[in-house]
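Number of protein chains: 4
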Amino acid sequence: MSSKKELRIGMVGYGFMGRTHSNAYRRVGNFFPELEYQPILKAICGRNQERTQAFADQWGYESIETDWKKLIARDDIDAVDICTPNNMHAEIAIAAAEAGKMVLCEKPLARTVAEAQPMVDAIEKAGVPNTVYFNYRRLPSVTLAKQLIDAGKLGRIFHYRANFLQDWTISPELPQGGEGLWRLDNAAAGSGVTGDLLAHCIDTAMWLNGGIKDVSAMTETFIKERVHTGTGEKQEVTIDDACMFHCHFDNGSLGLFESTRYARGHKALYTFEINGEHASIKWNLHDLNRLEYFDHRDESQERGWRSIHVTDSDHPYMDKWWVPGLSIGYEHSFVHQIADFLKALGEGKPCSPTFKEAQETQKVCEAVLESAKAKSWKDTGVNW
Amino acid sequence: MSSKKELRIGMVGYGFMGRTHSNAYRRVGNFFPELEYQPILKAICGRNQERTQAFADQWGYESIETDWKKLIARDDIDAVDICTPNNMHAEIAIAAAEAGKMVLCEKPLARTVAEAQPMVDAIEKAGVPNTVYFNYRRLPSVTLAKQLIDAGKLGRIFHYRANFLQDWTISPELPQGGEGLWRLDNAAAGSGVTGDLLAHCIDTAMWLNGGIKDVSAMTETFIKERVHTGTGEKQEVTIDDACMFHCHFDNGSLGLFESTRYARGHKALYTFEINGEHASIKWNLHDLNRLEYFDHRDESQERGWRSIHVTDSDHPYMDKWWVPGLSIGYEHSFVHQIADFLKALGEGKPCSPTFKEAQETQKVCEAVLESAKAKSWKDTGVNW
Amino acid sequence: MSSKKELRIGMVGYGFMGRTHSNAYRRVGNFFPELEYQPILKAICGRNQERTQAFADQWGYESIETDWKKLIARDDIDAVDICTPNNMHAEIAIAAAEAGKMVLCEKPLARTVAEAQPMVDAIEKAGVPNTVYFNYRRLPSVTLAKQLIDAGKLGRIFHYRANFLQDWTISPELPQGGEGLWRLDNAAAGSGVTGDLLAHCIDTAMWLNGGIKDVSAMTETFIKERVHTGTGEKQEVTIDDACMFHCHFDNGSLGLFESTRYARGHKALYTFEINGEHASIKWNLHDLNRLEYFDHRDESQERGWRSIHVTDSDHPYMDKWWVPGLSIGYEHSFVHQIADFLKALGEGKPCSPTFKEAQETQKVCEAVLESAKAKSWKDTGVNW
Amino acid sequence: MSSKKELRIGMVGYGFMGRTHSNAYRRVGNFFPELEYQPILKAICGRNQERTQAFADQWGYESIETDWKKLIARDDIDAVDICTPNNMHAEIAIAAAEAGKMVLCEKPLARTVAEAQPMVDAIEKAGVPNTVYFNYRRLPSVTLAKQLIDAGKLGRIFHYRANFLQDWTISPELPQGGEGLWRLDNAAAGSGVTGDLLAHCIDTAMWLNGGIKDVSAMTETFIKERVHTGTGEKQEVTIDDACMFHCHFDNGSLGLFESTRYARGHKALYTFEINGEHASIKWNLHDLNRLEYFDHRDESQERGWRSIHVTDSDHPYMDKWWVPGLSIGYEHSFVHQIADFLKALGEGKPCSPTFKEAQETQKVCEAVLESAKAKSWKDTGVNW
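Chains as they are written, first to last, in the UniProt record's numbering: chain B, 1 to 384; chain A, 1 to 384; chain C, 1 to 384; chain G, 1 to 384.
Honestly, I wouldn't trust all of these hints.
Remember, identical chains collapse to one label, so a pair may be satisfied in a single copy or spanning two.
[What the hints assert, rightly or not] Keeping only pairs whose Cα atoms sit at most 20 angstroms apart, straight-line, the calculated EDC-like set for lysine to aspartate or glutamate is:
| no. | residue 1 | residue 2 |
| --- | --- | --- |
| 1 | 282 | 302 |
| 2 | 4 | 50 |
| 3 | 375 | 250 |
| 4 | 69 | 50 |
| 5 | 42 | 76 |
| 6 | 267 | 302 |
| 7 | 267 | 298 |
| 8 | 146 | 277 |
| 9 | 234 | 340 |
| 10 | 267 | 314 |
| 11 | 224 | 250 |
| 12 | 267 | 319 |
| 13 | 267 | 299 |
| 14 | 375 | 214 |
| 15 | 125 | 357 |
Since the hints were made in silico from the structure, they are not lab data.
Owing to the predicted nature of the structure, the values given are computational and were not obtained by experimental measurement.
Just chain B, same shape as in the assembly (with noise of 0.2 angstroms):
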């Protein structure tokens, strides 16, 4: 291994979205070999020292830090992952940035349009390497749908449809902020659904059918307070549990979106439909290793849903891993993002999303509460 080059890694947060990259950081040498990058797991930074310090032991992180300026100002660091709360992210790109490193950084990219602008301007002065984990596009099942509607098999498109559902916060009693729920606290997350979740709709969207050009929103709060884990006391509830807009595509295409976290019996179920005039396409999240395909070309009698069990060789990573019907899961699509990233990282060429795309997807996201508070159609001003 003695040729490989080093990237040596600090990482900002060490929740769920820090296990994750972890993870994809340990796996990615051993499944994709041939990249000429292997990460180094230099330091891991949290403010609490002890549960830090379990995080690295439990990571194998070689060092731990307690301020992430200290982390930054690391020489032997070259580039900062952000799995921090929403709030953070803008502050820790920007003087990452500076400082030179490359920053992956957890979507989505910030709170506003307004908060993530600097870090975009920044990240392009600096030249950095950057990408943000938009980490669903790296699902075979999703590469494999970006292929099919690139090689037209889809002709002209009419609709697309996403939603994504979950039922964690129906209880009233389920506290607001503090770890593990600084996501429905609108000062830490920005938003509710429409960041979290509906961004991820957007983002695959805008990849496999180009730029949203206006939106027409509604959102909803069902439980209006909710105790505060910081203060103790029942505080306004100001993000949004429901969130669904329509919208015209850059191509004249339809889109629709819903995201709720109060849809009883679905955990994590992110859906797509994309209709177009010879072929259409579903996934879901749920059953990450299918994709359903409908050729309307197929001879007339033998039409229907084809039910794609993406685990063959020739499937987009697939060869990375086992034999046909063997299927992977969720983290894989972490593991793909950091292959994608190294690769792109020894060819000398930017890994999408880039902070500066991830920026249209927020400009969507923006508009989407605006037009909701508004009551009125929203122009993006994406650019895709």
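Go by the hints and put chains A, C and G onto chain B.
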């Protein structure tokens, strides 16, 4: 059978709906032998004498008419069944009601709220039994959904979503207007997918989940011009090819609706889902013997969406048919509606949906079309 | 309708099968108006006069008989339809044939090969049109399977597997014998699941895949004693509650069959699958409007099981019913069989499966039961 | 991490199974940090030095060996993991046990019962911890099935059915023997689908449902000759391409098993279903995050097969991974088996299935092959 009371039917129109209604009248006595009333196929009315006679022969109508006014004038007709294109509903229904006939009308009630209002008025003034064929309510799986909701199984409702997806008008070569294609002609149909498909979704939705208060909609006409069968000329297409809207229900839940005839791969995929605090329900027309049900009160490790094969004798209407596991089809929904109409007749009760109820659905359709045109929210004025 | 030839039906038995056959006779003219022959429900025969009359009233039979010999003796009967328990099939069929009547017999043909042989002989000697109600062949999805196989789509066949799973006899409290329960009484039925359920599987299998050469079987009776409705006493249960066998087809492929009434959760789950060199087919009765089809010749990345919703007008029989996407049900298989019988009658051709063909299925059933008893392989002697 | 006890692994074989085991060793510490033991990848052994070194580099083995006897002789190896073709299992396992090493052996235990017996004897004599990789038990969905059964949810069991369907050997051009294809060579594999695929089915079945008493089987070799990679000559194929059998379990239930590599459309479709008096369970490997469960005690109108997405934190093993709704994959079953082995090691307990238990599965496999050859029932001699 001499103890049965006869209900002498005069039907106007012998197209697709004429067949479904005729079949229902012919079968209801075999499967609901307990009914006091039995329908007698007295007369069928159509403009083309030869084809009307052929239809009469095929379905066992005793006589034919080629002028619906004559049909209505006949003393030996108790009830008029209207299966014409939408633009004929009002005139016929009003005349029939004024002649003291019962009226059974295919949906949608009319092309517009304004057109429908005198129909409702005439029916109410005449005090005649009446019903509108929103037949999908009467599928056992859909009626089971209603029973579960009415029994309070779902608790507070958060979400209702429905779509009705077809793909039969994608080809630009398809003409508009004329027999079988009047649904593409705004003058005959009054609207495109909104009146044809969304009307079904809206009727079911309000039946299951109560009134729809306000809507925000978008429509699209993908193919701008088609040859008109009547003129042989290319003419502007003025129907909505696709329509989607979000809305508030009176009970505080959110609705999301979509309909299109450009969803490649879906022939007549009407689906709905309703998410409650405790339980959720999903349904689709392509698998109409099934109802999907998720109950959060199940033990946590064993929770899952239940695929209920709605073919047991304790399921709605199913004691009338075969044995558990043996499916019924689309046409049975009409048999059930006729059975319910005859039963209600015997009991002196109304058979839902009445003209008055169907007018509420009409109001939602109209608000949807107006909202799409105005690009703004519209109140529906629905009183459910 | 005056140009139609009448086929005057006398039916024996008014149980479950009496209803399915009666419905088929009543509907066939509405949906197959081109047929030269039209059935006339001349007489229904049952032992209980009152209930026979009620059935006649419900289904529109012109007259009743309480002695099937009188029915057969009537000059105004052209065809005898046998819906009795299995132990009555032979005597009635032989007498009917000898009286020159056409014979339509519910499956299985008889209780044993020995009992069936004189039936076949009598039919052949009389030269009367005849058929046996292995109705599942006539579901559009199953007929489509036949067409795909006959078109050579599957190539060399390797495997055929079928099962028929029910769960209605699990309770030990269920009695045997008597109305509705004669299927648990070996004297009336001749066997348990083998004649009742596997007979269907075997008929379909040989129709689709050719003759079955030899079998190795196992049977089981889980509940050893049940109260007999006739005597009121607990008696040994002598039917097979479950039966499974493997076999060789004449074409070299392997078969695997299973049937049981103790598969909790399955009401009437008849399934089959056939695996060929190039393509495979799957089907199940609970979703009878669908056929699953996998074609290895599809482009490798896009291969998947296609779920064909068999409701297009170019699917078998479906031009007679509704529009694409709209389902039909179980009973339609009987309408199709009657339609095919009437068509064959008009053309002077046999309507498969004939008595002679049904006797081949009987041979497999008997070999299966003998194999299970002897715990050894048995040749079937089938000549398909 | 200094407090951990090291378990120094020496692995023999670096094929497909070498990768799955290596991955498991590398990941177990990240996801099961509470374990007292941590595996150290001390040495990998293969005949080809260059490729062995490449594998060592890819997976982080500290050293390589090209002679397994040297590996076993090393003092710095605590446990030997055997990933070779089946014909090498016995010699290596016996030598390792005699050297006092723990032994983890890929399934099937050996080619025959006779070959396996001295392995079991050596292991028992040495008293070393041991396990055999019947990994599918450790999928959360399969372990959940075990828990439901052990909790008595199903009641008396009537039926167990399983099949394992593949389609990768249909082409007659595929050679036998050599790397990746030794599974087609009877000398190396000992049998075809019986040892490769049915062994899994049998292990799961006896784990869930108890011992298999006697069997009646059929095998087939569809392609009679294939080029042997070793000789370059066409040679007779002596493995079983397909195998099916029915059987009795000790608990009185009936079993039906089938395996083939000629089921077009199925890549690795291992399925099982178990039908009990009160409830039933279904599972398949292509959708391994799901378990289907039917409970007859549900209210009658609401009964249906529940599709349990086995990704909640109270599902087996799932507290170690992500959040509800996020899938895991095939390889996780190996991580779980290693975790269970390490846990058992810490507790001084055996880790099932042990060599002794795997020998019982071997007995069923052998009885199956003998039954097929003799065309008669065979007792298995299993003592579960």
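| said: Of the numbered hints stated earlier in the document, which are not met by this structure? | reply: 9
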